[in-house]
Amino acid sequence: MKKLLLLSLLVLLGCSKEDNTELIDSYTSQISSLNSQLSQLNSQLTQSQSQISSLQSQVNSISGLEANISALNSQITDYQSQVTSLQSQISELNTLVSENSNLQATIDSLNAQITSKNELISSLQAQIASLENSQTTNTTTTTTNDDWPDYEAQGHSMKSIGIWTLYSIRGNPVSQAKQFDVKIYPSPNNPNKLNDTTTPQSGLMDFNGTTGLGFQYSYGSYNGNINVNTSGSGGTGIIRVDSSEIEGIDTTVFSNATKYFYILYHFATESEAEKLVVNLNINTTDESIYPDTLINAVFYRTK
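The opening residue of the sequence shown carries number 7 in the working numbering; numbering runs sequentially from there.
Please keep in mind that the hints were generated in silico from the structure rather than gathered at the bench. Here the structure is a predicted model, which is why all the values come from computation and not from measurement. Some clues are possibly wrong.
Said to hold, decoys possible - For lysine-lysine, the following BS3-like pairs were computed, each having C-alpha atoms within a straight-line distance of at most 27 Å:
#, residue 1, residue 2
1, Lys-309, Lys-281
2, Lys-309, Lys-123
3, Lys-199, Lys-189
4, Lys-165, Lys-189
5, Lys-123, Lys-165
6, Lys-165, Lys-309
7, Lys-281, Lys-189
8, Lys-281, Lys-265
9, Lys-281, Lys-199
10, Lys-309, Lys-184
11, Lys-165, Lys-184
12, Lys-123, Lys-184
13, Lys-281, Lys-123
14, Lys-309, Lys-199
15, Lys-184, Lys-265
16, Lys-184, Lys-281
17, Lys-189, Lys-265
Make the full structure from the sequences, and use the hints.
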């Protein structure tokens, strides 16, 4: 019986051992598998940790990059603003360039006109110079003529008062280059009003450059001697002048001759204009000053 029990126990133990072995093998296999999985997981964990570290490093780097990007974006915004401003300036400059192009064309046209006008001015100046060279009346005389007072308004009625210009000698008209003026006017020191018929009267005269020359006036006729006319009509104005005070005239070259000569004022008639007449001997005038003499020299009024 005991033997049977022992055998049964051995059988049971043998069976249990076989079953445990399979179970253990199964567990061992599972454990091995799990260990393998664990190893894989550990490896994956290690890789993951490495990736995490790498990613963390990248994240840290990205944070720095984000700051850089933010700064760069700020610069870009600033540059874009500057670009916009520059584009606006460029647009304005292009407008100015366009306007300046039009202005340059206008300036070129004006410069061409200026050049043309300057050439015209030069031509006119040359003509003026040529005319001035042929004009015997100087600027001072012209100005004086323009400023000639209205002596009649001052109460002077003597008709010989005025400006007289040489017209002819011996009946021949003289050239403009040889013309000169005789001016007759009241003396500021003489309070009397000059008239045509009172004898004697006095005033001043300019004769071919000699100024302030005193004269004596009589009314009558002259044939070498003065014949006073007291009737007040039909006479001639007789103006006596001192030749010694006039350059180029000397009436004392003849014996018994005086230093005076006479200028006759002829009143206007229906057929003739008023005039002054100077009649001097050829020997009494300086040829360099009076190349055509003063023989029957006729002067007509110009003022």
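Checking against the hints above, which ones are violated? Those not satisfied are hints 2, 5, 12 and 13.
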